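With the hints as constraints, model all of the structure from the sequences given.
Per the working numbering, residue 53 is the first one in the sequence shown, and the count goes up by one each step.
It is worth saying that the hints were derived from the structure and are not from the lab. Heads up, a few of these hints could be off.
Unchecked claim - Simulated DEER-style distance windows between Cβ atoms: (1) Ile323 - Arg261: 26 to 34 Å; (2) Glu304 - Ala128: 17 to 25 Å; (3) Thr318 - Ser229: 41 to 49 Å; (4) Leu326 - Pro182: 21 to 29 Å.
The model shown is predicted, which means the values in this text are computed figures rather than measured ones. C-beta atoms are modelled at their ideal positions from N, C-alpha and C, and glycine is treated no differently.
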Amino acid sequence: MSKGNEEKPARSLPPGTLERALEEAGDALKERYPKPPRKPRGTKQRRHAGKAALAAVLLLCGLLWLDPAYRTEFHATRAGESARVQLTDGSEIQLDTATRLSISWHLRSRQARLDQGQALFTVAPANWRPFLVAAEPARVRVVGTVFSVRRVADAPVTVSVLQGRVEVRDLAHTRHSPLQLGAGQIARVGGARPPAVLATGLEATTAWREGYLVFESTPLAEVLAEIQRYRGHPVRLVGQHGPGLTLSGVFEIRNTDQLLDLLPRTFPVEIRRLPDGSVEVGPR
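Listed below in C-alpha coordinates is the structure:
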(Lines of atoms letter the chains of each structure in order from A; the text may use other names.)
(Lines give C-alpha, C1' and ligand atoms only; values in the text may rest on other atoms or scores of the structure.)
Protein backbone atom coordinates (compact mmCIF):
# COMPACT_ATOMS: atom_id res chain seq x y z
CA MET A 53 0.00 0.00 0.00
CA SER A 54 1.39 3.41 -0.98
CA LYS A 55 1.50 6.34 1.40
CA GLY A 56 -0.04 9.66 0.42
CA ASN A 57 2.81 11.78 1.89
CA GLU A 58 5.65 9.80 0.30
CA GLU A 59 8.25 12.09 -1.34
CA LYS A 60 8.69 11.64 -5.08
CA PRO A 61 12.17 11.80 -6.61
CA ALA A 62 12.90 15.16 -8.33
CA ARG A 63 13.36 15.04 -12.08
CA SER A 64 16.50 16.77 -13.34
CA LEU A 65 16.46 19.06 -16.39
CA PRO A 66 18.62 18.24 -19.38
CA PRO A 67 22.06 19.91 -19.19
CA GLY A 68 22.11 23.52 -20.46
CA THR A 69 18.35 24.02 -20.35
CA LEU A 70 18.41 26.85 -17.75
CA GLU A 71 21.27 28.73 -19.47
CA ARG A 72 19.47 28.59 -22.85
CA ALA A 73 16.25 29.85 -21.28
CA LEU A 74 17.99 32.84 -19.71
CA GLU A 75 19.79 33.67 -22.93
CA GLU A 76 16.56 33.52 -24.94
CA ALA A 77 14.78 35.76 -22.42
CA GLY A 78 17.63 38.28 -22.62
CA ASP A 79 17.52 38.33 -26.42
CA ALA A 80 13.78 38.89 -26.34
CA LEU A 81 14.13 41.85 -23.98
CA LYS A 82 16.87 43.41 -26.14
CA GLU A 83 14.66 43.03 -29.23
CA ARG A 84 11.64 44.58 -27.55
CA TYR A 85 13.53 47.38 -25.79
CA PRO A 86 16.51 48.23 -27.97
CA LYS A 87 19.21 50.69 -26.72
CA PRO A 88 19.09 54.13 -28.30
CA PRO A 89 21.87 54.60 -30.82
CA ARG A 90 25.00 56.13 -29.25
CA LYS A 91 26.05 59.33 -30.90
CA PRO A 92 29.69 59.37 -31.87
CA ARG A 93 31.71 61.86 -29.86
CA GLY A 94 32.85 64.69 -32.04
CA THR A 95 36.34 66.13 -32.17
CA LYS A 96 35.22 69.22 -30.24
CA GLN A 97 33.77 67.13 -27.42
CA ARG A 98 36.93 65.07 -27.19
CA ARG A 99 38.98 68.25 -27.02
CA HIS A 100 36.88 69.63 -24.15
CA ALA A 101 37.12 66.34 -22.27
CA GLY A 102 40.89 66.33 -22.67
CA LYS A 103 41.17 69.91 -21.40
CA ALA A 104 39.02 69.11 -18.37
CA ALA A 105 41.17 66.10 -17.51
CA LEU A 106 44.36 68.16 -17.88
CA ALA A 107 42.93 70.92 -15.67
CA ALA A 108 42.03 68.38 -12.99
CA VAL A 109 45.56 66.96 -13.03
CA LEU A 110 47.12 70.44 -12.83
CA LEU A 111 44.80 71.38 -9.96
CA LEU A 112 45.76 68.25 -8.02
CA CYS A 113 49.48 68.86 -8.60
CA GLY A 114 49.08 72.48 -7.50
CA LEU A 115 47.32 71.49 -4.29
CA LEU A 116 50.01 68.95 -3.45
CA TRP A 117 52.75 71.52 -4.10
CA LEU A 118 51.04 74.25 -2.04
CA ASP A 119 50.21 71.76 0.74
CA PRO A 120 47.20 73.72 2.10
CA ALA A 121 45.82 73.16 5.59
CA TYR A 122 42.33 71.68 5.81
CA ARG A 123 41.99 71.65 9.63
CA THR A 124 43.61 73.40 12.59
CA GLU A 125 43.23 72.58 16.27
CA PHE A 126 44.42 74.48 19.36
CA HIS A 127 45.56 73.18 22.74
CA ALA A 128 46.67 75.03 25.89
CA THR A 129 47.42 74.50 29.57
CA ARG A 130 47.37 77.03 32.40
CA ALA A 131 50.00 77.49 35.11
CA GLY A 132 50.32 74.29 37.10
CA GLU A 133 48.42 72.18 34.55
CA SER A 134 49.59 69.48 32.16
CA ALA A 135 47.72 67.57 29.47
CA ARG A 136 47.97 64.72 26.97
CA VAL A 137 46.59 65.15 23.45
CA GLN A 138 45.93 62.14 21.21
CA LEU A 139 46.02 63.05 17.52
CA THR A 140 43.96 61.34 14.84
CA ASP A 141 47.08 59.98 13.09
CA GLY A 142 48.13 58.06 16.21
CA SER A 143 50.66 60.64 17.43
CA GLU A 144 50.57 61.90 21.02
CA ILE A 145 51.58 65.24 22.52
CA GLN A 146 52.21 65.83 26.21
CA LEU A 147 51.84 69.50 27.19
CA ASP A 148 53.73 70.96 30.13
CA THR A 149 52.48 73.85 32.24
CA ALA A 150 51.61 77.23 30.65
CA THR A 151 51.86 75.88 27.11
CA ARG A 152 50.11 77.04 23.91
CA LEU A 153 50.20 74.84 20.84
CA SER A 154 48.37 74.56 17.53
CA ILE A 155 48.24 71.65 15.06
CA SER A 156 47.52 72.19 11.36
CA TRP A 157 46.66 69.22 9.17
CA HIS A 158 47.91 69.60 5.59
CA LEU A 159 47.57 67.37 2.55
CA ARG A 160 51.16 66.12 2.74
CA SER A 161 52.43 67.31 6.13
CA ARG A 162 51.50 67.62 9.81
CA GLN A 163 52.51 70.98 11.27
CA ALA A 164 52.66 72.06 14.91
CA ARG A 165 53.36 75.55 16.21
CA LEU A 166 54.61 75.99 19.76
CA ASP A 167 53.87 79.56 20.83
CA GLN A 168 54.85 79.12 24.47
CA GLY A 169 55.86 76.45 26.93
CA GLN A 170 57.07 72.90 26.47
CA ALA A 171 55.71 69.79 24.78
CA LEU A 172 56.80 66.20 24.24
CA PHE A 173 55.93 64.76 20.83
CA THR A 174 55.55 61.03 20.15
CA VAL A 175 55.10 61.03 16.39
CA ALA A 176 53.47 58.19 14.48
CA PRO A 177 55.59 57.25 11.42
CA ALA A 178 54.41 58.47 8.01
CA ASN A 179 57.20 58.77 5.42
CA TRP A 180 54.99 60.58 2.93
CA ARG A 181 53.69 63.04 5.55
CA PRO A 182 56.44 64.48 7.79
CA PHE A 183 55.73 66.11 11.14
CA LEU A 184 56.98 69.71 11.41
CA VAL A 185 57.28 71.82 14.57
CA ALA A 186 57.79 75.60 14.51
CA ALA A 187 59.07 77.28 17.69
CA GLU A 188 60.58 80.57 16.58
CA PRO A 189 63.32 80.70 15.48
CA ALA A 190 63.64 76.90 15.40
CA ARG A 191 62.19 74.48 12.86
CA VAL A 192 62.06 70.75 13.60
CA ARG A 193 61.31 68.08 10.99
CA VAL A 194 60.68 64.42 11.79
CA VAL A 195 59.04 61.35 10.29
CA GLY A 196 58.49 59.24 13.39
CA THR A 197 60.25 59.71 16.73
CA VAL A 198 59.95 60.98 20.34
CA PHE A 199 61.28 64.43 21.11
CA SER A 200 60.67 67.51 23.25
CA VAL A 201 60.56 71.19 22.29
CA ARG A 202 60.79 73.96 24.87
CA ARG A 203 60.09 77.65 24.17
CA VAL A 204 60.00 80.10 27.07
CA ALA A 205 60.63 83.84 27.30
CA ASP A 206 64.21 85.15 27.25
CA ALA A 207 65.72 81.70 26.62
CA PRO A 208 66.84 79.72 23.56
CA VAL A 209 64.49 77.13 22.10
CA THR A 210 65.58 73.69 23.31
CA VAL A 211 65.05 70.53 21.25
CA SER A 212 65.67 67.19 23.02
CA VAL A 213 65.50 63.79 21.28
CA LEU A 214 64.52 60.67 23.23
CA GLN A 215 64.10 58.25 20.29
CA GLY A 216 64.82 58.33 16.57
CA ARG A 217 66.28 61.31 14.73
CA VAL A 218 65.11 64.86 14.00
CA GLU A 219 66.30 67.69 11.78
CA VAL A 220 66.65 71.11 13.43
CA ARG A 221 66.96 74.36 11.49
CA ASP A 222 67.71 77.84 12.84
CA LEU A 223 65.90 80.50 10.80
CA ALA A 224 68.38 83.10 12.04
CA HIS A 225 71.28 81.14 10.51
CA THR A 226 69.88 79.85 7.24
CA ARG A 227 73.30 79.67 5.59
CA HIS A 228 74.24 76.81 7.89
CA SER A 229 73.09 73.24 7.27
CA PRO A 230 70.34 71.87 9.52
CA LEU A 231 71.41 69.89 12.56
CA GLN A 232 70.74 66.16 12.69
CA LEU A 233 69.95 65.10 16.25
CA GLY A 234 69.91 61.50 17.45
CA ALA A 235 68.59 59.88 20.61
CA GLY A 236 70.10 61.39 23.76
CA GLN A 237 71.14 64.63 22.05
CA ILE A 238 69.81 68.17 22.48
CA ALA A 239 70.25 71.51 20.70
CA ARG A 240 69.56 75.07 21.76
CA VAL A 241 68.39 77.43 19.02
CA GLY A 242 68.16 81.20 19.18
CA GLY A 243 71.55 82.45 20.29
CA ALA A 244 74.05 84.65 18.50
CA ARG A 245 75.84 81.57 17.21
CA PRO A 246 74.43 78.73 15.11
CA PRO A 247 73.07 75.87 17.21
CA ALA A 248 75.32 72.96 18.08
CA VAL A 249 74.64 69.38 19.13
CA LEU A 250 74.93 68.79 22.89
CA ALA A 251 75.26 65.36 24.44
CA THR A 252 74.32 66.39 28.00
CA GLY A 253 71.32 67.94 29.70
CA LEU A 254 68.66 65.54 28.40
CA GLU A 255 67.50 64.56 31.91
CA ALA A 256 66.98 68.17 32.93
CA THR A 257 64.96 69.03 29.81
CA THR A 258 62.59 66.04 30.04
CA ALA A 259 62.19 65.50 33.82
CA TRP A 260 58.95 67.51 33.83
CA ARG A 261 57.19 64.49 32.29
CA GLU A 262 57.70 62.67 35.60
CA GLY A 263 56.78 65.68 37.72
CA TYR A 264 60.26 66.95 38.57
CA LEU A 265 62.42 70.03 38.03
CA VAL A 266 66.12 69.34 37.54
CA PHE A 267 68.65 72.15 37.95
CA GLU A 268 72.32 71.79 37.07
CA SER A 269 74.30 74.84 38.22
CA THR A 270 71.32 76.95 37.16
CA PRO A 271 71.48 80.69 37.95
CA LEU A 272 68.99 81.85 40.59
CA ALA A 273 67.13 84.09 38.12
CA GLU A 274 66.50 81.09 35.82
CA VAL A 275 65.40 78.96 38.77
CA LEU A 276 62.78 81.54 39.72
CA ALA A 277 61.63 81.86 36.12
CA GLU A 278 61.10 78.10 36.00
CA ILE A 279 59.20 78.11 39.32
CA GLN A 280 57.03 80.93 37.93
CA ARG A 281 55.85 78.70 35.07
CA TYR A 282 54.17 76.34 37.54
CA ARG A 283 52.50 78.96 39.72
CA GLY A 284 49.51 81.17 39.07
CA HIS A 285 51.16 84.28 40.57
CA PRO A 286 54.43 86.09 39.80
CA VAL A 287 57.76 85.14 41.36
CA ARG A 288 60.16 88.10 41.19
CA LEU A 289 63.86 88.51 41.92
CA VAL A 290 64.35 92.00 43.39
CA GLY A 291 67.35 93.99 44.59
CA GLN A 292 71.04 93.44 43.95
CA HIS A 293 72.48 89.94 44.16
CA GLY A 294 76.07 88.85 43.96
CA PRO A 295 77.33 86.66 41.10
CA GLY A 296 77.61 82.91 41.33
CA LEU A 297 74.19 82.18 42.85
CA THR A 298 73.42 78.84 41.19
CA LEU A 299 71.31 75.86 42.22
CA SER A 300 71.66 72.13 41.54
CA GLY A 301 69.19 69.43 42.53
CA VAL A 302 65.95 67.61 41.78
CA PHE A 303 62.65 69.02 43.10
CA GLU A 304 58.97 68.10 42.85
CA ILE A 305 56.90 70.33 40.58
CA ARG A 306 53.82 69.96 42.78
CA ASN A 307 55.58 71.53 45.76
CA THR A 308 57.15 74.76 44.55
CA ASP A 309 56.50 76.35 47.96
CA GLN A 310 58.96 73.92 49.51
CA LEU A 311 61.54 74.86 46.90
CA LEU A 312 61.04 78.56 47.62
CA ASP A 313 61.44 77.95 51.35
CA LEU A 314 64.73 76.18 50.63
CA LEU A 315 66.28 79.20 48.93
CA PRO A 316 67.07 81.23 52.12
CA ARG A 317 68.93 78.19 53.50
CA THR A 318 71.02 78.02 50.32
CA PHE A 319 71.51 81.66 49.33
CA PRO A 320 71.77 85.00 51.17
CA VAL A 321 68.16 85.84 50.26
CA GLU A 322 64.80 86.17 51.96
CA ILE A 323 61.32 85.27 50.74
CA ARG A 324 58.40 87.71 50.94
CA ARG A 325 54.92 86.42 50.16
CA LEU A 326 52.60 89.31 49.25
CA PRO A 327 48.80 89.52 49.78
CA ASP A 328 48.13 89.22 46.03
CA GLY A 329 49.79 85.79 45.96
CA SER A 330 53.02 86.92 44.33
CA VAL A 331 56.45 86.16 45.77
CA GLU A 332 59.52 88.39 45.97
CA VAL A 333 63.02 87.04 46.45
CA GLY A 334 65.34 89.79 47.73
CA PRO A 335 68.77 90.12 49.36
CA ARG A 336 69.03 89.36 53.04
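Hint by hint, here is what the structure shows:
no.: 1; hint: Ile323 - Arg261: 26 to 34 Å; result: 28 Å, holds
no.: 2; hint: Glu304 - Ala128: 17 to 25 Å; result: 24 Å, holds
no.: 3; hint: Thr318 - Ser229: 41 to 49 Å; result: 43 Å, holds
no.: 4; hint: Leu326 - Pro182: 21 to 29 Å; result: 48 Å, violated
Checked against the numbered hints above, the structure violates only hint 4.
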